[in-house]
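Just so you know, the sequence shown maps onto residues 5 to 609 in the numbering used here.
Rather than coming from a laboratory, the hints here were simulated on the basis of the structure. Glycine is no exception: its CB is placed at the ideal position from the N, C-alpha and C atoms. Careful, some of the hints might be misleading.
Below 25 Å or equal to it, Euclidean Cα-Cα: the simulated DMTMM-like pairs (lysine to aspartate or glutamate) are [what the hints assert, rightly or not]:
1. LYS382 with GLU606
2. LYS608 with ASP577
3. LYS350 with ASP163
4. LYS471 with ASP422
5. LYS501 with GLU488
6. LYS59 with ASP197
7. LYS608 with ASP362
8. LYS69 with GLU58
9. LYS69 with ASP27
10. LYS608 with GLU380
11. LYS235 with GLU254
12. LYS235 with GLU284
13. LYS501 with ASP518
14. LYS471 with GLU364
15. LYS386 with ASP362
16. LYS11 with ASP209
17. LYS471 with GLU452
18. LYS501 with ASP405
19. LYS235 with GLU529
20. LYS501 with GLU474
21. LYS468 with GLU437
22. LYS468 with ASP422
23. LYS471 with ASP451
24. LYS471 with ASP500
25. LYS235 with GLU251
26. LYS386 with ASP472
Computed Cβ-Cβ distance ranges for the label pairs, DEER-style [said to hold, decoys possible]:
27. SER29 with VAL427: 53 to 61 Å
28. ILE379 with HIS269: 54 to 62 Å
29. GLU217 with ASP405: 53 to 61 Å
30. THR8 with THR122: 41 to 49 Å
31. ALA243 with HIS404: 56 to 64 Å
32. ASP561 with GLY285: 47 to 55 Å
33. HIS181 with THR546: 38 to 46 Å
34. GLU522 with LEU383: 34 to 42 Å
35. HIS404 with VAL427: 13 to 21 Å
36. LYS59 with ARG200: 17 to 25 Å
37. LEU75 with LYS501: 46 to 54 Å
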Amino acid sequence: MTETLWKLQDVQLGGVGRPRLSDVSLEIPTGVIAVLGLSGAGKTSLLNILARFEKPDEGSVTFLKNTESRLPVYWSPSDNGLWPHLTAWQHLEVVCDSPDQWLQRFDLTEVANALPETLSMGERSRLSVARALATNTTALIFDEPLNHVDRARLHGYWDVICRTCAERNTSLLFSSHDPAIVLRHASHVICLDDSRVIWEGRTEDLYQQPESEQLGWFLGPLNWFTTEEAKTWLGMETAQPVPLRPERLEICPADDGPLVVESVHASGSIGETELTVHDEGESRRVFHRAVGNVLQQGARAALRVCMALLLMFLLGIMQGCEDSEASLIMPVSEFVPISFPAEGAKLPAPRGLTFSPDGELYTLDDVGRVLVYDIEGKLARKWWMPEYSVGRPEGVCVMHDGRIVVADTHYNQCVYFDTEGKVLGKFGSFGEELGQFIYPIAITQDDEGNLYVAENGGNDRIQKFTKDGEIIKQIGTCGVEPGEFQRPSGVVWWEDKLYVADAFNNRVLQFTDDGAFEQVIADAESAGLHYPYDLAMGPDQTLYVVEYGAGRVTHIDLNGTLLGQFGQEGRGDGEFWTPWGLAVRHDGTVFVADTGNRRMVELKP
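Given these sequences and hints, build the entire structure.
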């Protein structure tokens, strides 16, 4: 079960004319938690109390985590809280021994000697976040972090935040007005309205099955249909209101459709259309999948619900749904947790896994080691990456010629080793040109020996190399459209096809190995994927996908048909916490890098 980090009981905080917090009783779990609410709802007041910047007028606030060896809490306030007499470099020198690496991670190297008053608002917010992360504290509190940073670089910085928290087992509590950031990074949300907590729970639950229309809007556009409205607008008979996110709803031209288009607006992947019921005059605005320019004012249309997602919702509200035949459970005979060997006082966590043809398991951990386990599960040998102070690698592949190649993520390169750990060569450098990398994070090889390297950091793509690291071509670009990626974090080759885990877009894509996009084989609609972070092929040529956001393993065939799922978010048996990777042995045994729980897990078939 998830641990409790803070416990608040009957908390009151006064204000001018009205309370800033009223009757707040709450248990805040470990992990990544978002605090949501309109301006003035009480978000900053709640964070101030948790950071001990303010004391409640009534009630109690208890921090429950044992922090004898670490600073308990560090805070990045909404005004950044910078020290006016210190340079950017000195801000970091105060809290850590490696200021330069934090300046580099947040693109502040060029302003290292600048005082806060000379920095832009974006630079100040990045410095405030970098300083907080560098403290290696038990819990971080961020009040609207990076709110002045341009969106082109925002997700890259958030990757640094969440990766650092996962590596150090640090919890993060942050406030935000951006549903996209919350959905991508927070596992738990707290909703405030008029100084009160009106809901708290799993992000996925609030997004997929909100209890009310008001709550649903905390995570972005929502169509809420009462039972009568569902019958009128969707042609559905249902005993419960139907919440539909824009990606669940399509509007289709239909010559004899029951609806008439009054106005159309598009905003990227979301369309917003005003409709009326033909011959009745009843009207409403709907948010739906963007449809381009096919709808014109006065056209007849119909609404179509994505049935796979609707079925998931309807099953969720039926009693006994856990026994439904629609729930496909991946068969597992035994759940075996495996701890990595300690490094000093630290218990490392696994990041990347792969098997060699003879059954040896190669693993990467978060202290910079490569560990090799034999077929009996015993540690056979280990070695260190050449450099690991800036960051640790994520992807590893055993090549046909016996070499080991590692995607050395934070050093913008791939490194070749022999089976004993001797460095044999490297390829790649920092940059966005062909053959260069921002953050290489996954790697695989085809039957001809060519390597495919997945990359993120704002230049998300796959690059194809010869076995010796000579660039051949680029596959895909950064984006949300078919054939584009937002954090391609897992890659598998099979019979001239390339399968890619497109994490932020919640889908698995299929390409030819020449780079032509073919199809989305599985996504949030068809398989319920939530942040698929890695994938591996089983002995029967099916795919296993590990979901960072859902804490589970999903099994699909090469057409995307759901074969089964195992696990849920948590800290116990049968549970995973922010898993990063997986590998499948020739006998069908699945090994999962259960990163947040700092263990590897063997799932015996």
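Which numbered hints fail: Hint check: nothing fails, all pass.
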